[in-house]
Amino acid sequence: MRRARTWLPGLLLVAPSIVAIGVFVYGMLGWNFQLAMTDKHDEVSEGNFVGLQNFIDIWDQPRWHLSVNHAIVFTIVFVVGALVLGWLLAFLMEKGIWGEGTFRAIYLFPMAVSFVATGIVWRWLMNSGMEERAVGLNRLFDAIGLPQWQWFRDPDWGMAAMALPAIWQMSGYVMALFLAGFRGVPEELREAARVDGCNEWGVYRHVVLPLLRPVTLSALIILGHISLKVFDLIVAVSGKQIITDVPAVFMWVAVFDSHDPAKGATIASYIVLSVAVFVIPYLVWSVRKERRS
Amino acid sequence: MTAAAITMASVLSLSACGGGEQAAQPSASGGGDKQQVEVFSWWTGPGEADGLQAMRKIFEQQNPTLTFFDAAVAGGSGDKAKALLQSKLQADTPPDTFQGHAGAELQGYIKAGDLEELNSIYDELKLREAFPEQLVEQISVDGKIYSVPVNIHRSNVLWFNPTVLKDAGVAGAPKSIDEFVAAMEKVKAKGKIPLSIGSEWTVTHLLESVLLGSLGTDGYNALFKAGADWNSAEVTKALESFKTILSYAGDPQDDWQPAAKQVADGEAAFNIMGDWAYGYFHNPPEGGLGKTSKTDFDWAPSPGTEGSYLWLSDSFTLPKGAKNRDGAVAWLKVAASKEGQDAFNPLKGSIPARKDADQSLYTDYLADALKDWASNKLAGSIQHGVAVNQPWLASINEAVGLFIGTKDVAALQKALADAATANAQ
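Those protein sequence lines, which keep their order, are chains G and U. First residue of the first sequence? That's 1 in the UniProt record's numbering, and the numbers climb one at a time after it. First residue of the second sequence? That's 1 in the UniProt record's numbering, and the numbers climb one at a time after it.
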């Protein structure tokens, strides 16, 4: 009885959120997977269990291959770009730049803007018109003599261009993460390294960077899951065009245009699974770490 | 307290009368005792929004107890609007009435039991006599009618810039697909864009005109009947022409308006777009480009389609479970009336679905359209929901979108044939 008194209030306190998450996250996930394993290919039919048939069939569709490729290109460019740029900004900040507070606010600001607003601005910036028809970035590039690009309409590198607004938006956030990481490295450790004859680069290479590994991992996971689910940015920049198709947009078309709930649920399942590939190892790792400490 | 409430209410109703562009009130009976009718459409662009406002005026004059709530969602061809509508319908919170293209596009809603049939309204207003027989026949499903067509649009219109054609040495609008390609080659040599295009749906729009121009009206209509052969050599030839034509296209624009503007501005020679472009070209600068017809822009049936009217029609429906059913019926009556259609159509750049419209209101392009509508053979549009239902259209759009990247005619034809097999009824 006395034991119950210690854990019961705590449980009661978190019970509402356990129930809400159970229903609205895991319940809905379960419902989605169940729907993905039926042949409910229009809104009115009942839907019989067909196992993993939908998951296999979708690989026959050229559009699915295209959207998966697009998602991979977008993820690589976006994650690497935002990590490198964010790290670089944090590094400069850490070197004690004048007016650091102002710069920090400026770089962090884009995160406060929604992807839709970002997308609408960048749609204009990345307009593919050239020479006398150029607007946005191409106009600027034309004026200063740089080559002009098709941007997101480029058949091969369009998705890399599409990652630019996402990098613009998220690199400030990565900077904040890294900056906190840098500040968390005790000055004594750096000094010890310097006393041992390390140059400034060596201090970063052998002392600071290894200590930043957990921060880098967190940033990677946050960026990775945003990237695999990306939808609003793409729709704001180009709508539901095949040239910039990603799984989330394909899912939208499958549900609302093709009126095929099972296909939409299948794509949604793949998106969840791809994000899980990122998130689950992280969870395992952090649980283990907590146990150790 | 009561006095304060009354004052507030009178202030609200006063401001409601005073403001020409009153803000939309989300709650049903917010300030006064007026009831709101939520009208869902995708008419937000220049020209079309003006037409909707003109019809709204008549509606509010005739129904002083009702206010019009404009639930329009932007985006040409209604692709974003239809996605939102779908979630509203699935949540059983339909708008009081929604815009839909007359024809096969409504099949999904009808099958899902979302729509009320309107036969009694048709009988009450004698609409069967007012609309052309063929139109009523095409929008009926098992003898039941589910929507009120407000207008008729033409999809197969070739818009061109006469000055650009003259400079390139092209005598007039090309009459066949071969002439069209030859003309575009001449324009290309002059450094202008031969054919302007917008986002991917405008390319599907182009495809339907090319199919009609290449196959002829009967061949085209046969594609949507039972046992249609999308694998035929004729279709292959049409798709090869489509590929050739597309090779003359300029950089894709964001939507159809900027693509049409390239023709009006003399940057491009041709654009194949529905006749809603006329309102955009012709209306004064607040809503359109304020261009002069025949000098700044001109039109002809798209190459090879003279004598055919590739039609589509915007219509309004009565969803089951509408909050304000009476209000919706009142809106449908305005939409079906001669007065409503004659107010809407000249601004929208379309012709009325009714046969008894005041012909003097339709001048310039619209006079040509009225004449052709009366005499031409009819074919239903693909992109605009007459000939194919929504899943079929989604498959066609997917095939065309992939084709823009690959330019693989065989793959396009196979995808189109598969789409027809999977979706034809």
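Possibly wrong hints are sitting among the right ones.
With a Cα cut of at most 20 Å, we get these calculated SDA-like pairs of lysine to any residue [stated by the list, open to error]:
no., chain 1, residue 1, chain 2, residue 2
1, U, Lys166, U, Ser176
2, U, Lys407, U, Asp418
3, U, Lys414, G, Ser45
4, U, Lys414, U, Asn389
5, U, Lys355, U, Trp373
6, G, Lys40, U, Ala424
7, U, Lys34, U, Asp418
8, U, Lys320, U, Gln35
9, U, Lys88, G, Glu43
10, U, Lys88, G, Val44
11, U, Lys80, G, Asp257
12, U, Lys80, G, Trp252
13, U, Lys57, U, Gly75
14, U, Lys80, G, Val116
15, G, Lys229, G, Val73
16, U, Lys414, G, Trp252
17, U, Lys111, G, Ala236
18, U, Lys371, U, Gln134
19, U, Lys34, U, Thr65
20, U, Lys111, G, Val73
21, U, Lys80, G, Ser45
22, U, Lys126, U, Asp418
23, G, Lys40, U, Asn423
Simulated coverage check for chain U against chain G, where a stretch passes if three residues somewhere in it have a Cβ under 8 Å from a Cβ of chain G [what the hints assert, rightly or not]:
no., stretch
24, 82-94
25, 249-258
26, 395-409
The set of hints was computed from the structure by calculation and includes no laboratory data. Here a beta-carbon is modelled for each residue, glycine too, at the ideal position from N, C-alpha and C.
- request: Take the C-alpha atoms of U/Lys414 and G/Ser45, compute the straight-line distance between them, and say whether it is at most 20 Å.
  value: Distance of about 27 Å is beyond 20 Å: violated.
message: Checking one constraint from the list: CA of U/Lys88 to CA of G/Glu43, max 20 Å. Satisfied?
response: The hint holds at about 14 Å.
task: Test coverage of the stretch 82-94 of chain U by chain G using CB-CB distances below 8 Å; three residues minimum.
output: Since three or more residues must qualify, the claim that chain G covers the stretch 82-94 of chain U holds, with 5 doing so at under 8 Å.
Agreement of U/Lys407 and U/Asp418 with the hint, judged by alpha carbon distance not exceeding 20 Å: Judged against 20 Å, a Cα distance of about 18 Å means the pair holds.
- prompt: Quick one, are U/Lys414 and U/Asn389 close enough, alpha carbons at most 20 Å?
  reply: 19 Å, holds
- request: Would you mind confirming whether the straight-line C-alpha gap from G/Lys229 to G/Val73 stays at or under 20 Å?
  value: Within the cut-off at roughly 13 Å; holds.
task: Would you mind confirming whether the straight-line C-alpha gap from G/Lys40 to U/Ala424 stays at or under 20 Å?
output: Holds, at roughly 18 Å.
query: Is U/Lys111 within 20 Å of G/Val73, Cα to Cα?
result: 40 Å, violated
message: Next pair to validate is U/Lys371 with U/Gln134; report whether the Cα-Cα distance is within 20 Å.
response: 16 Å, holds
Coverage claim, chain G over the stretch 249-258 of chain U, checked by counting residues with Cβ within 8 Å (three needed): Coverage by chain G holds for the stretch 249-258 of chain U (3 residues, Cβ < 8 Å).
task: Starting from U/Lys80, check that the Cα of G/Trp252 is at most 20 Å away, please.
output: It holds: about 11 Å lies between the C-alpha atoms, which stays within 20 Å.
- prompt: Given the hint that U/Lys355 pairs with U/Trp373, does the C-alpha gap stay at or below 20 Å?
  reply: 10 Å, holds
Hint violations for this structure: numbers 3, 7, 13, 16, 17, 20, 21, 22, all remaining hints satisfied.
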